[in-house]
Each structure stands twice: as C-alpha cells, then as structure tokens.
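Participant: Turn these sequences into a full structure, and let the hints steer you where they fit.
Going line by line, the protein sequences match chains Z and P. Under our numbering, read the first sequence as residues 1 to 114, first letter to last. Under our numbering, read the second sequence as residues 1001 to 1115, first letter to last.
Hints are not guaranteed to be accurate.
Far from chain Z, some chain P residues (derived; all Cβ distances over 12 Å) [what the hints assert, rightly or not]:
| hint | residue |
| --- | --- |
| 1 | LEU1018 |
| 2 | LEU1020 |
| 3 | ALA1054 |
| 4 | SER1080 |
35 Å max Cα-Cα, derived DSBU-like pairs, lysine-lysine [claimed, not checked]:
| hint | chain 1 | residue 1 | chain 2 | residue 2 |
| --- | --- | --- | --- | --- |
| 5 | Z | LYS44 | P | LYS1068 |
| 6 | Z | LYS71 | P | LYS1068 |
| 7 | P | LYS1058 | Z | LYS51 |
| 8 | Z | LYS44 | P | LYS1049 |
| 9 | Z | LYS62 | P | LYS1058 |
| 10 | P | LYS1049 | P | LYS1069 |
| 11 | Z | LYS71 | P | LYS1069 |
| 12 | Z | LYS71 | P | LYS1049 |
| 13 | Z | LYS27 | P | LYS1049 |
| 14 | Z | LYS62 | P | LYS1049 |
Anything over 10 Å on all C-beta distances counts as not near chain P; from chain Z, calculated [as the list claims (entries may be wrong)]:
| hint | residue |
| --- | --- |
| 15 | LYS44 |
| 16 | GLY59 |
| 17 | LYS71 |
| 18 | THR104 |
| 19 | GLY108 |
| 20 | ARG110 |
| 21 | THR112 |
It should be emphasised that the hints constitute simulated quantities derived from the structure, not laboratory data. Glycine is no exception: its CB is placed at the ideal position from the N, C-alpha and C atoms.
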Amino acid sequence: NAGVMQNPRHLVRRRGQEARLRCSPMKGHSHVYWYRQLPEEGLKFMVYLQKENIIDESGMPKERFSAEFPKEGPSILRIQQVVRGDSAAYFCASSPTGANYGYTFGSGTRLTVV
Amino acid sequence: AQSVTQLGSHVSVSEGALVLLRCNYSSSVPPYLFWYVQYPNQGLQLLLKYTTGATLVKGINGFEAEFKKSETSFHLTKPSAHMSDAAEYFCAVSEAETSGSRLTFGEGTQLTVNP
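Facilitator: Okay, here's the thing in structure tokens:
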C-alpha cells in the first residue's frame, strides 16, 4: 500500500511562472490537507479538501494560490505568478476520516523560486 | 482557536541521556495531541498520539508522552537518546470529535544528540 505520493520532489521556477504541485493520497483516504513549511518554521495549514470539495481554505493566501481535488486523479496545489517568498516545502497529508487520528504525510515538494 | 507552544527550538543531549521535549497547548475543546518527527528533507512521521483513555502514551522508537490536562502539556520523553534520534520534532493539536479538523503545529524542536 503506497503512502502519500507527492511530485515533483523538487521544483524550480522563475519569478512569474506557475507552479503545480501534485498529491496522491493513500488508497482509501478521501481527506487531503496541504501545509507549507517555510525555512526554520513549523508547518502552517493551507487548505483541506475532500473529493471535488474545498472544505476549509482559511490558510490559503487570497491571491495566486488555488487547490483542487478532482473526482479522478491527484490533488493539485497551484501557485500562479510565483514570487521569491513562495519558496518553501509544501507537504500534503491524507486521512481516511479526518485529522482527529493523525495524518499520513507525503515527503513534500520543495519549491525554489529564482 | 487552538495553539501549540514548544519550549526550546534547539535541544542538545548526550547519547544515552534522557530526552525531554516540551509542548504546551491551548484548545477550547478537548484536544487530540500528536508528536511528529521530521528527518532532513523528508516528510513528517507520526511518533505517537493521544485521543482518549490512558494519559501516558507510548509511541515508536521508545518515545512516550503524557497528557496532563491541568498543565495543558504533552511533553515527549525518551529514557536514553540514540544518535538516530537526531531530527526535528513537532507537537500538534486538533479538536477532538470534529470531523476533518485541521492539525495546528508548534514551531518545532531540533534535537541534537552528541556522542
């Protein structure tokens, strides 16, 4: 049973480009969470999704960031017109019924904006 | 609203010594509490969790934590540190009985183990 799969592991983008980060949850998990980890900081919640629905996006920046979890395929975190401050590690986690019992995390995507 | 405070962003111990990583939380509802470990350039791995029942929780790699409601604490301990324990440790809280509740993380504690 594969774990939470994130790709790519490393992503380099120039300022102004778009970044697309993918997350395939564990089999049987229908809840997906995205977190961002800035250097020397803890993880900050961004968005919580279930299939085809955004449940809580209170941690998402108001502009340039969006997320989806379609009926088929992985969850996508999209960052448009990236800036240097977007450089961070982005982690996806999945859970079968919600966070109450703890997530399973992916290995993350490390985004570098040059 | 919930929050987590980890006292000490860096902790250094000698191999074989006691490991104590401190975590205090605030939550307006009964909490679920977690400790995660992160090795360099990797994701977070669940060490242990408290949901209900026994307040002393045992996890992987010899770690344990005790939920003390009166002190709003959930400190992580290990009797004897091993070199392989060097990593960053995160305490997290979620709201019990709230389906889909997010985890709120502390800022992390970097553990160094000296030979």
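Participant: If you test the structure against every hint from before, which numbers come out violated?
Facilitator: Violated: hints 6, 9, 11, 15, 16, 18, 19 and 20.
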